[in-house]
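Kindly generate the complete structure, drawing on both the sequences and the hints.
Respectively, the protein sequence lines represent chains A and B.
This note's numbering puts the first sequence at residues 1 to 257.
This note's numbering puts the second sequence at residues 1 to 178.
Take the hints with a grain of salt, since some may be wrong.
In silico negatives: residues of chain B with every beta carbon more than 10 Å from chain A [as the list claims (entries may be wrong)]:
no. : residue
1   : GLN95
2   : MET152
3   : ILE153
4   : ILE156
Per the computed footprint, the stretches of chain B lying under chain A, defined by three or more beta-carbons under 8 Å from a beta-carbon of chain A, are [what the hints assert, rightly or not]:
no. : region
5   : 44-51
6   : 54-66
Honestly, the hints are just simulated from the structure, not real lab data.
Bear in mind the structure is a predicted one, so any value in this text is a computation, not a measurement.
The beta-carbon is built from N, C-alpha and C at its ideal position, and this holds for glycine as well.
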Amino acid sequence: MDQPSNQVPVPSSSRFKSFIQLYATPLAIVVAGACIALALYAKPPLTAVDKVVAPSIQNKEVVAEDNTQKLKNIAPVTQEDHIRGNPDAPVKIVEYSDTECPFCKRFHVTMKQVMEAYGDSGEVAWVYRHFPLDQLHPESRKQAEASECAAELGGEDAFWKYIDRVYEVTPSNNGLKASELPKIAAYVGLNVEAFNACLASGRHAKKVEQHVQNAIATGGSGTPWSIVVTKSGKTYPLSGAQPLPAIKQLIDTALQE
Amino acid sequence: MWQALKQVFSRTSYTISAVVVAVFIFSISLWLPNLPLITQIVTEADMSFFGVLLFLFTLLGSVTTSFTVLSASILAITASLIGVYVSLVMYHLRQRGGGRLSFGTGFIGLLSGLIGVECVACGSLLLTSLLSFGTATAILGFLPLKGMEFSMIGIILLVASIAMIAREINGNRAGIKS
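As structure tokens, then:
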């Protein structure tokens, strides 16, 4: 025989509501934590957009690599690179940068200060690579190619003068239009006609694209993206336009190795 | 809402907890993009404990180099609101002697705020991690405020959550009085 109950039956909807009320807080915290942890440590397979952006990193091995492993994908520093300072410096800062990113503009100034502090002693070399974020700054890819044309026509000195001037005059966020590029070429003393011909040919597009692919392969997901390489080959990732004191401390640590 | 806020923050312990949480969220948001570097410095680099602390402190300077005035303000507001929200939740849980809360927007607000905070730089760590690089930059490029929208939605949702929990605190007080 069933026992008589003195309790009013609770409707299932009320029980559900009660359950939600009771566990909303801990559930929310757990789910939020899980989402952030997942976001940080696991990337989903590449999408169709990525196949356009990063065709060279479509294999599963690269996707599965963690952050440290990705850093190993850094292209070795060679004579093809743009190097400011001692090419044999014990510490190299490889920067992947977007000329129209406002934070890259700030970081460019910081890197100049780094070179003032460590460049003369030959302790640090600054390696500049291109990482134009096309979806955000469609103007920057052509600017990257323009700087390569400057290098072709005037050597490393012209490259650095050109890139310094671009960062100096651009208001950022697509503020520097393509029509300004020959003017910068003239400003740094290049033959404007030859410069225009070089830019129109698009012959440096492949090199810029290789830099972009390498930035992504090393784990770059925004700009500026830098990798500090020590004498022993150890790598430290540096995301964003970090302040000078932080970079100096990182360099000093890298120099101790 | 103001009555509940006044009631909670008249107690020093809740004010302190709000400040601690706000500072924590603010700092974490600045460190998050360099979490792999920090992990490496802590586990591999030959750096003293004091050196690590100094390094973490110097990274906080990125608020002046990696943020615009607007995005830094939004980050500060979001962190402060999360601090207020957590203190209100703690007060409410103690007040009722158990974990009965009716809020869902708190979680969404918290998550949206965090995503938004990371969106203010060129590219978003969380967004690019969740959606992959190409999709994330495409979305950010499409958005008129380049991702700041997430921060704004986060702030709105956090304010809504604070208002909801404040109302519950007021309701409880009225219940106790009657």
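Please list, smallest to largest, the hint numbers that this structure does not respect.
Checked against the structure, no hint fails, so every one of them is satisfied.
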